[in-house]
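**Q** Chains A and B supply the protein sequences, listed in that same order.
The working numbering applies: residue 1 is where the first sequence begins, and numbers increase by one.
The working numbering applies: residue 1 is where the second sequence begins, and numbers increase by one.
Note that these hints are calculated values from the structure, not bench results.
All C-beta atoms, glycine included, are put in the ideal place defined by N, C-alpha and C.
Be aware that one or more of the hints could be misleading.
[Stated by the list, open to error] Calculated lysine-lysine pairs in the BS3-like style (CA-CA distance at most 27 angstroms, straight line):
1. B:K113 - B:K210
2. B:K78 - A:K71
3. B:K22 - B:K156
4. A:K17 - B:K78
5. A:K71 - B:K156
6. A:K71 - B:K26
7. B:K158 - A:K17
8. A:K6 - A:K71
9. A:K47 - A:K17
10. A:K71 - A:K5
11. A:K71 - B:K194
12. A:K17 - B:K155
13. B:K158 - B:K26
14. B:K37 - A:K71
[Said to hold, decoys possible] Chain B stretches covered by chain A per the calculated footprint, using a threshold of three residues with CB under 8 angstroms from any CB of chain A:
15. 102-115
16. 142-156
17. 185-195
[As the list claims (entries may be wrong)] If you anchor each label on the Cβ, the simulated ranges turn out as follows:
18. A:G46 - B:K231: 39 to 49 angstroms
19. B:E173 - A:R44: 30 to 40 angstroms
20. A:I28 - B:K156: 25 to 35 angstroms
21. B:E215 - A:Y13: 45 to 55 angstroms
22. A:E41 - B:T226: 47 to 57 angstroms
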Amino acid sequence: MSKEKKSYQATVYVRLKEGVLDPQGTTIKRALGDMGYNGVEEIRSGKFFEVSFLSANRKEALKLVNQISDKLLANPVIEDFKVEI
Amino acid sequence: MKFGVVIFPGSNCDYDAYQIIKTIMKEEVGFLWHQDKDLNGCDCVILPGGFSYGDYLRTGAIARFAPIMQEIFNFAEKGGLVIGICNGFQILLEAGLLPGAMLRNSSLRFVCKWVHIKVEQEKTPFTNNCQRSQVLKIPVAHTDGNYFISEEGLKKLKENNQIVFHYCSPQGEIDPVYNPNGALENIAGICNLKRNVLGMMPHPERAGEKILGSEDGRYVFNSIITFVKRKAN
Numbered sequence: 001m002s003k004e005k006k007s008y009q010a011t012v013y014v015r016l017k018e019g020v021l022d023p024q025g026t027t028i029k030r031a032l033g034d035m036g037y038n039g040v041e042e043i044r045s046g047k048f049f050e051v052s053f054l055s056a057n058r059k060e061a062l063k064l065v066n067q068i069s070d071k072l073l074a075n076p077v078i079e080d081f082k083v084e085i
Numbered sequence: 001m002k003f004g005v006v007i008f009p010g011s012n013c014d015y016d017a018y019q020i021i022k023t024i025m026k027e028e029v030g031f032l033w034h035q036d037k038d039l040n041g042c043d044c045v046i047l048p049g050g051f052s053y054g055d056y057l058r059t060g061a062i063a064r065f066a067p068i069m070q071e072i073f074n075f076a077e078k079g080g081l082v083i084g085i086c087n088g089f090q091i092l093l094e095a096g097l098l099p100g101a102m103l104r105n106s107s108l109r110f111v112c113k114w115v116h117i118k119v120e121q122e123k124t125p126f127t128n129n130c131q132r133s134q135v136l137k138i139p140v141a142h143t144d145g146n147y148f149i150s151e152e153g154l155k156k157l158k159e160n161n162q163i164v165f166h167y168c169s170p171q172g173e174i175d176p177v178y179n180p181n182g183a184l185e186n187i188a189g190i191c192n193l194k195r196n197v198l199g200m201m202p203h204p205e206r207a208g209e210k211i212l213g214s215e216d217g218r219y220v221f222n223s224i225i226t227f228v229k230r231k232a233n
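Extracted from the complex, chain A is given alone in its bound form (with noise of 0.2 angstroms):
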């Protein structure tokens, strides 16, 4: 039963690129200044996402979810991910 497709469950981590001003992190690190925990330097956020999913092999769960994170979860244009499974 070499065919039969196993249940694969991805991380995927979406951050802004570099460069990329993230006036959230920026708003957060002062506000944290404001606390009083001055010695942080730099504060970038992000989001994660979770998926669950059927494929045939690792290889190919792999591909689908560089492809969906590519065409929606991230936009290439001002945003960076990373999968794992």
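Knowing the structure of chain A, use the given hints to seat chain B on it.
**A** What follows is chain B alone, placed relative to chain A:
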């Protein structure tokens, strides 16, 4: 001529756009549903403002995959006029019909106020009724209007005269002070290379009558009408 206003779940400036065209510009206008697969013979498609799909994921990211968008890609490819206002602009960016992307406003706040924009390009279907450097008073209302593009992309925009509007003072001075959202170099609106697709953050459909505070929005719609009618003759 005929305008088509697209309604996505969460669009909220669709009736404003419909209203100005029907009662102020006195042209034919109809609604297009996001599930439609036909533009009903429109000469110009308007992607209105609002919060399509709740702004989930990123503004415009989900709307970009609605069935009607395939028709809009084909229409734009053939030279059809498409104008995206506010959320419509965000959708055009996500769809790749215009270059760049929107970031959250630098203030992180929803900004709702009158702004002034300077017409940098009068030779487009959307600005041909304006003079070069004319200042228009039009309101903005958005949380994600912080336009971003790579350095290389910005260079191309400039080389190809694609920056149509800059935020400015009432006298036309371009300065960060008059930038409501942190947009790169005060960019308020851009067009594509072929100049048949325009995206702008300010709402011309909200500036059609003196009683509302300004009539300057009419310049945009009058330009479109002039362009289409000139082409037809």
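**Q** Please go over all the hints and tell whether each is borne out by the structure.
**A** Now for the hints, and whether the structure bears them out:
no.	hint	in the structure
1	B:K113 - B:K210	16 angstroms, holds
2	B:K78 - A:K71	24 angstroms, holds
3	B:K22 - B:K156	37 angstroms, violated
4	A:K17 - B:K78	34 angstroms, violated
5	A:K71 - B:K156	24 angstroms, holds
6	A:K71 - B:K26	40 angstroms, violated
7	B:K158 - A:K17	23 angstroms, holds
8	A:K6 - A:K71	24 angstroms, holds
9	A:K47 - A:K17	13 angstroms, holds
10	A:K71 - A:K5	24 angstroms, holds
11	A:K71 - B:K194	25 angstroms, holds
12	A:K17 - B:K155	19 angstroms, holds
13	B:K158 - B:K26	35 angstroms, violated
14	B:K37 - A:K71	22 angstroms, holds
15	102-115	holds (count 6)
16	142-156	holds (count 4)
17	185-195	violated (count 0)
18	A:G46 - B:K231: 39 to 49 angstroms	46 angstroms, holds
19	B:E173 - A:R44: 30 to 40 angstroms	34 angstroms, holds
20	A:I28 - B:K156: 25 to 35 angstroms	33 angstroms, holds
21	B:E215 - A:Y13: 45 to 55 angstroms	48 angstroms, holds
22	A:E41 - B:T226: 47 to 57 angstroms	54 angstroms, holds
Checked against the numbered hints above, the structure breaks hints 3, 4, 6, 13 and 17 and satisfies the rest.
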